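One-letter residues, chain by chain:
There are 2 protein chains.
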Amino acid sequence: MNMDIQQYMHTLGRQARAASRLTAAASTHAKNTALLAMAAEIRQRRAALLAANATDVDTARAAGLEPALLDRLSLTEKGIDAMATGLEQIAALPDPVGEITDVRRRPSGIQVGKMRVPLGVIGIIYEARPNVTADAAALCLKSGNAAILRGGSEAINSNRAIAACILAGLEQAGLPVHAIQVVDTTDRAAVGELITLPEFVDIIVPRGGKGLIERIAREARVPVIKHLDGNCHVYIDDDADPAKIVPIVENAKTQRYSPCNTTESLLVARAVAARHLPLVGAMLAAKGVEMRADPEALAILQQAKLPAARLVPAREEDWREEYLAPIISIKIVASLDEAIAHINTYGSAHTDAIITENYTRAMRFLREVDSSSVMVNASTRFADGFEYGLGAEIGISTNKIHARGPVGLEGLTSQKWVVFGNGEVRN
Amino acid sequence: MNMDIQQYMHTLGRQARAASRLTAAASTHAKNTALLAMAAEIRQRRAALLAANATDVDTARAAGLEPALLDRLSLTEKGIDAMATGLEQIAALPDPVGEITDVRRRPSGIQVGKMRVPLGVIGIIYEARPNVTADAAALCLKSGNAAILRGGSEAINSNRAIAACILAGLEQAGLPVHAIQVVDTTDRAAVGELITLPEFVDIIVPRGGKGLIERIAREARVPVIKHLDGNCHVYIDDDADPAKIVPIVENAKTQRYSPCNTTESLLVARAVAARHLPLVGAMLAAKGVEMRADPEALAILQQAKLPAARLVPAREEDWREEYLAPIISIKIVASLDEAIAHINTYGSAHTDAIITENYTRAMRFLREVDSSSVMVNASTRFADGFEYGLGAEIGISTNKIHARGPVGLEGLTSQKWVVFGNGEVRN
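Chains A and B, in that order, are what the protein sequence lines are. If you read the first sequence in the numbering used here, its first letter stands for residue 150, the second for the next number, and so on. If you read the second sequence in the numbering used here, its first letter stands for residue 150, the second for the next number, and so on.
What the hints contain is simulated information worked out from the structure, not anything from laboratory work. The model shown is predicted, which means the values in this text are computed figures rather than measured ones. A portion of the hints provided could be inaccurate.
Identical copies go unnamed one by one, so any copy, or any two together, can satisfy a pair.
[What the hints assert, rightly or not] Below, a list of computed lysine-lysine pairs in the DSSO-like style, where the Cα atoms sit at most 30 Å apart:
1. 263 x 375
2. 393 x 263
3. 436 x 454
4. 359 x 263
Please put together the full structure from these sequences, using the hints given.
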């Protein structure tokens, strides 16, 4: 069986590599034609998609899949429209491929610049969320790449139905049918193969829980765009504008609890803690957020007569925790230096914000906090491809190399050097 | 013993990580002061450096090291001056750290941009070339990184002497003494440790032979800026300007045989092969270059009455070979399509050039050849950090992600997102 899977994945890899030569050279028009045709197919095959998805949902429910996962697996009429609209939006984005920038003439006479080009073949590994199939396919194709998509096995029928729409779109545009391949097996060995084929796969993008991503990062023989924890911080500086504090913390922590850019930890400068923390605490308590506070912060919050049930002493492990829940850790720090050191020690290098009116401390925070997004006077919730203007997002990278932070089409490309000569030779 | 090495490398790693926080925040002035002080120390300690190097060379000669390697190991008066001058040149380069670009205002009111920041800790693994110690140290420091340098064991005394100059320079500039650490052991286990410390090391740059780099790429648990083969091509297109052909091929192949950007394979469009190949062949024969040609090219070269000793039938493996010697493979191709397919199949994605006056084929070659440098009407020998205007080069990357092609200071940095807000929250 595993030999079969190995052979199957090698075949997909070889086909993807061959297709990637053609997608790299494909015109913007052909790629957009394919994306719009896929969207049309998805709308037309609505009934078939819903039926395939119902099969998956029934099987998963019978197998006892938990409600949150069932919810992600389920396709609704609205979800199908959103999938098609997503494809149309990606068609409308500018094509990054072929853009030549930074051309300069050198003393030798040559002109040197950079050209943006696809990475080649992208492997996407994700959980049982059928909408990711369409979304990832579109981002990979628009950026001139071939893709191999491996979704969660619970969604296999939904993914097959979506794959049929993708295939129809590719064919209508005259693009290679292997440009986007959906792995058509639920055998888990397929993932192990996909991440160890450097000759066929240029980069792996895992989308899913931390466990999945850690495993892939550990075992991959191919570069991985990793997104691990989002342990994001807001630091209330000595010179924070009181009018900005509660709105930012409220939005950063309570707008939604599950996204990775939600704030999990609040740092407060000692000199202003007694002044600001009671107001912040009252807002959090009113929203039902549990506060895990260090002794100093706890004392201030207790004096402010906040409901005792919401106040818990913080333990060391709280500083590292990504709660994804109505819980926040709170710590008093002596200074900006301590805040930066704390974030760089306990944070996850995702997104961190300072609230301050002080120019020098704002600039130091931006420079010295070693995270993929650093912010002044804004909610950490803004760390997002759409909010940053990328138009779309394949994920948020906590890698330092290649793509960092929200990854859009550019993150699925690289730049090569181009030299325009006129017969020059080197001295 | 290995426990000791493990502990030792962990200590270096921890120290480097701590120092990297300070080098990241260091001013351009402090970094340049350190680099100029290192250069001055190297000049002042000339006698000590020569003595330490003599010890290494004597030991290596007694151990039977081959002449080419002995030559690389040896430091001369001139080599010491070049090392110091190199440091001064890197001090004179613009500081990439902290540069903010691409700032745009978003509909939400936030302004989003990118800030260039150091990678953190860079591990450099190289062979017994003492000058690399100074050069790599300078590039890492200028780009705001901490570095752990592991040179070939034959150069241990030379490297210790250079490390003393580096340390003195760091101290004079008030920079952390652990910003640049030279691994002070000849135990090979040190390399294995260095490449498996993701918590302390952000990226590995191996400089050396293919065997070293392959091993490191295989075993590393840290991203590697790889440079494998340079199997570079020149393609003579149907519309090649005859006046450009011989000068470019001569320079690309024969200027120097050992660099990675030297051309190893010549492709010639069938329609013009009989016209151009005899002249190219005569030049190559005159330079003593052996031609390994496919049957068609061989027939043309034989008809041209070139010395039979220089003409050899090519075998399949010749298309993949990086000769690093006065040997070139020659193949006739039907068209640009075949040339591109050949290069993408057999090349090493390093540097490839087309000679043509045809605009459309030139642009297709640039776009479709999947190499780190692609050129029109210029010698492949230009693929070099200095020739491209990077000012310095830590290596040439054949990776597709992160740094591609010649890697200068920018390749040792990444970009993070910076958000300038005014109290905005997300809707």
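Each hint tested on the structure:
1. 263 x 375: Cα proximity of residue 263 and residue 375: in one copy and across copies (26 Å, 20 Å).
2. 393 x 263: Result: close only across copies, 24 Å inter versus 42 Å intra.
3. 436 x 454: within (16 Å within a copy, 90 Å between copies)
4. 359 x 263: between (35 Å within a copy, 27 Å between copies)
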